[in-house]
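Starting from the given sequences, assemble the full structure and let the hints guide the process.
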Amino acid sequence: MAGSEVEFGINASLDVYIPMRDGVRLATDIYRPALPDGENAPGSFPVILGRTSYDKSNPVIWVDAVAKFFTPRGYVVMLQDLRGRGRSEGTGQYFHTANQNEGPDGFDTIEWAAAQEWCNGRVGMAGSSHGGIVQNMASLYRPPHLSALWVDVAPTNAFAYEARQGGAMGLHMFGALFLHGYDSQEIRDDAEATARIEQGAENLRELVWQTPFQRGGTPIAEVPHLEDILMHYYRDGVYNDFWAQESLDQTPHFGRMADIPAVYSGGWYDPFAMDVTGQFTQMAKQNSTPQRLIMGPWNHVRMRGAGSSSVGEVEFGEDALWGDPVYNELRLAWFDRWLKDIDTGVEDEAAVRIFVMGGGDGRRDAAGNMRHGGKWRTEKAWPLGRAVQRSYFLDVQGALTAADGPAGTGEVTWEHDPQHPVPSISANVTGFYEWIKLPEGIDTAYVPGRARMRSMIEDGPLHQKEAPGMTGARAPYPLLADRPDVMVFQTPALDEEIEVTGASEVRLWVSSSAPDTDFTAKLLDIYPPSEDYPDGFHLPLVDSILRARFREGFDHEAFLQPGEIYEIVIPLPPISNLFAAGHRIRLYVASSNFPRFDINPNTGEPMGRHTHQEVARNTVHFGPEYPSRITLPIIPAG
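Under my numbering, the first residue of the sequence shown is numbered 26, with each subsequent residue one higher.
Keep in mind that the hints were calculated from the coordinates and are not lab data.
Where hints are given, some of them may not hold.
[To be verified] Now the in silico label distances, taken between C-beta atoms and shown as ranges: (1) Arg230 to Pro631: 22 to 32 Å; (2) Lys462 to Asp560: 29 to 39 Å; (3) Asp390 to Gly578: 28 to 38 Å; (4) Ala476 to Gln586: 31 to 41 Å; (5) Met256 to Gly663: 52 to 62 Å; (6) Ala220 to Ala37: 30 to 40 Å; (7) Ser313 to Asp253: 33 to 43 Å; (8) Glu436 to Tyr558: 46 to 56 Å; (9) Glu521 to Glu136: 51 to 61 Å; (10) Pro61 to Glu142: 15 to 25 Å.
Positions of the beta carbon are idealized from the N, C-alpha and C atoms, including for glycine.
Pasting the structure below:
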């Protein structure tokens, strides 16, 4: 059955202040269906609520994409600035994503909406990233009238993949704090403080080298609450009470979430692919209502807005092009069913929809992107039950061998020099924005901050070769595979295609000259050399890191004894990729990935408080006693 059609105009009531249980009032823009004469349409309508830290009046993210789409189709849309943000009250009560009031504030807003005469008693929520976190937080408090969710690219555990990963700091959150600091309420009347934040954002690629971050030593100090958060993000390597706040880690509390229909959407090149798929798996297991998962070949933003079928330097084909037109039609069908009781067919759809990357011809298209291709496929569940876990063993010759066990013994050693880290040519990041410096004479007041932002690391796949302008890259700008501090392991050219769909695991036997160091892993799809790509195209799929002091877990530190051999495990977030015949499956092992992650100084000093740096000699061991390997989820053909 067709969904809601355009029937109404829009009446907007801006900055309606809704009281929370503690008396703080949150500024909310309310968009109501209107009749041709301009009067509010009679009757009651379902509500779609968006709560944001990024300005409720943003035309691209909220007003055009949500209010102007849903309101004419018979919805009341409420867009709200979070406590301490935008035009809401609560100055000094905003802590990036560590906001303990988000659950109660969401509950109070939903129940206020449901009590209005223009509401039919059903409230749905929409939003991406932080706008997804606040949906999960509201769901934890089970407001009676919350009826459906669409949670997009939302981290559910800030310790695991947002602010830290494998014990290292994800420096993209250092960049993100400049965005949140620049328009913070605490300094909006302080031109000097605002200018310092702005200048810091303009010089971000220099600031990331200036570690250890010290209190008062970065522009973020202009907003003390955010500086507190930065110090936690940077220094708190052990999972402690800070990380255990439900606003930062909802995973232990999934069982409290409301049993209501929900969609979880994300991308393989988004930093939160593990969070999104993991939440869906748990919700589908515990809930009686329909739960859905959508994973595309996108980074953190490419599904929405204008959309794009390419990410980084890679073209995935027309099927990958969504943007707001496709996204909103899908959301409309979802909310029509659960907020209006319209039979849109969503109950009959498969629970899982994934984009399997690959299958393209590998040529360069007119836009300069490599045609990797891909196609959508539906599944009944996640992870895929038919996946076969296949181990590929590393050897001293640089091979990845699918066998019953390692073929020989040996080791490879490299030097990790903190002064010359392996550069992050591209990475799954978000909010890592440096601001473009404007020419002399142009007033920044006429060029909004968001119009000046560009990601300091390409947030999508690039051919893995250093180039001028990349942070940490140096002449003669080699392939990463040619660096002496990157260990390369790969299969022979494949005789037949192999599909990898799901999360992977790298298990290494390692030793080091240092009491603490890092080990990184990156999985790639290697195209053979061609006229367009003489070196082949080295397509990165997914990567991760482990800080060695946390090899036994994140509840304590365990330092290395120089020369002693240890087993470590580096989990890799999920992907879905078809490795074509003639391609190679490749694994990079190194000890840095900068500025995606902060650099380990190799000294074993307290986290974020080191006084010097040392060069570490790191080794991976092979053989029957030390079966270093990567285990991939292979989908059988046919």
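Now the hints, each set against the structure:
1. At roughly 26 Å, the beta carbons of Arg230 and Pro631 sit within the given window of 22 to 32 Å.
2. A hinted range of 29 to 39 Å holds for the C-beta pair Lys462 and Asp560, which are about 33 Å apart.
3. Under the hint 28 to 38 Å, the C-beta atoms of Asp390 and Gly578, about 46 Å apart, miss the expected range.
4. Range check, Ala476 to Gln586: Cβ separation about 53 Å, and the 31 to 41 Å hint is violated.
5. Checking the proposed 52 to 62 Å range against Met256 and Gly663 shows it holds: the Cβ atoms sit about 54 Å from each other.
6. For the pair Ala220 and Ala37, the supplied restraint of 30 to 40 Å holds, since their beta-carbon distance comes to about 33 Å.
7. For Ser313 and Asp253, the hinted distance range of 33 to 43 Å is satisfied, since their beta carbons lie about 41 Å from each other.
8. Between Glu436 and Tyr558 the Cβ separation comes to about 32 Å, which falls outside the hinted range of 46 to 56 Å.
9. For Glu521 and Glu136, the hinted distance range of 51 to 61 Å is satisfied, since their beta carbons lie about 57 Å from each other.
10. Our hint of 15 to 25 Å for Pro61 and Glu142 holds, since their Cβ atoms are close to 22 Å apart.
Violated hints, in rising order: 3, 4 and 8; the structure is consistent with all others.
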